[in-house]
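Chains as they are written, first to last, in the UniProt record's numbering: chain A, 1 to 116; chain B, 1 to 76.
Honestly, the hints are just simulated from the structure, not real lab data.
Every residue, glycine too, gets a C-beta built ideally from N, C-alpha and C.
Heads up, a few of these hints could be off.
Claimed, not checked - From chain A, some residues computed to sit far from chain B (all C-beta separations above 12 Å): (1) Lys36; (2) Ser67; (3) Thr84; (4) Leu94; (5) Glu98.
Stated by the list, open to error - With a cut-off of at most 30 Å between alpha-carbon atoms, the simulated BS3-like pairs for lysine-lysine come out as follows: (6) B:Lys12 with B:Lys64; (7) B:Lys24 with A:Lys99; (8) B:Lys61 with A:Lys47; (9) B:Lys41 with B:Lys12; (10) A:Lys29 with B:Lys61.
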Amino acid sequence: MSVEQHLSNDVFLQKLTGFYRDSKIRGAKSVYVTMKPYDGRTKAVAKGSEFKDGDEVSCLFRAKWGSRKIATEVTAKEVNKFHTQYSAILVSQLVNLEKRKKTEENKKAAATQQKS
Amino acid sequence: MTYFTNWDEFAKAAERLHSANPDKCRFVTKYNHTAGKLILKFTDDVVCLQYSTTQLQDVKKLEKLSSTFLRQVVTQ
Chain A
1 MSVEQHLSND VFLQKLTGFY RDSKIRGAKS VYVTMKPYDG RTKAVAKGSE
51 FKDGDEVSCL FRAKWGSRKI ATEVTAKEVN KFHTQYSAIL VSQLVNLEKR
101 KKTEENKKAA ATQQKS
Chain B
1 MTYFTNWDEF AKAAERLHSA NPDKCRFVTK YNHTAGKLIL KFTDDVVCLQ
51 YSTTQLQDVK KLEKLSSTFL RQVVTQ
């Protein structure tokens, strides 16, 4: 399935949560999230050309899980709101990672951090 | 391309790469639940920086880095 039209930020985040949730239950597929600058163009441009001055550059968010792909555009106005929500999803969904172990090395690192 | 083992080095290298070539940079996060693994990639199609982790504490750092990146992208 190819990328369809860009979703609204809210729908994108909803579906992204769904991707993370489904990846736990169904199979070993990874969830990919890509962010890159985007100037709103819908047609291919010549190789090597760069963004022009005055173009409004937003941030394109793409997510992929298995063969399912979604994308959204985050504008400057919505950055703060979007990132807060995105962080919340990361914290709630990326759960199968190891918690920090209290090893000697970590204790030392914590001690040096406190000093500085 | 080998993985960075130190977060600070990765973050610094990513920032440097982004300031050198802000238009071309992209930032990819890959999460595999079954393997319990998080892989971050930062590239401008010439240089490729990668960081792999199994630690939960790195999620916080990822948040910070993605926030910085996002803000820089929209304010350039």
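Here is how each hint holds up against the structure:
{"no.": "1", "hint": "Lys36", "verdict": "violated (4 Å)"}
{"no.": "2", "hint": "Ser67", "verdict": "holds (16 Å)"}
{"no.": "3", "hint": "Thr84", "verdict": "violated (9 Å)"}
{"no.": "4", "hint": "Leu94", "verdict": "violated (5 Å)"}
{"no.": "5", "hint": "Glu98", "verdict": "violated (5 Å)"}
{"no.": "6", "hint": "B:Lys12 with B:Lys64", "verdict": "holds (13 Å)"}
{"no.": "7", "hint": "B:Lys24 with A:Lys99", "verdict": "violated (34 Å)"}
{"no.": "8", "hint": "B:Lys61 with A:Lys47", "verdict": "violated (34 Å)"}
{"no.": "9", "hint": "B:Lys41 with B:Lys12", "verdict": "holds (13 Å)"}
{"no.": "10", "hint": "A:Lys29 with B:Lys61", "verdict": "holds (24 Å)"}
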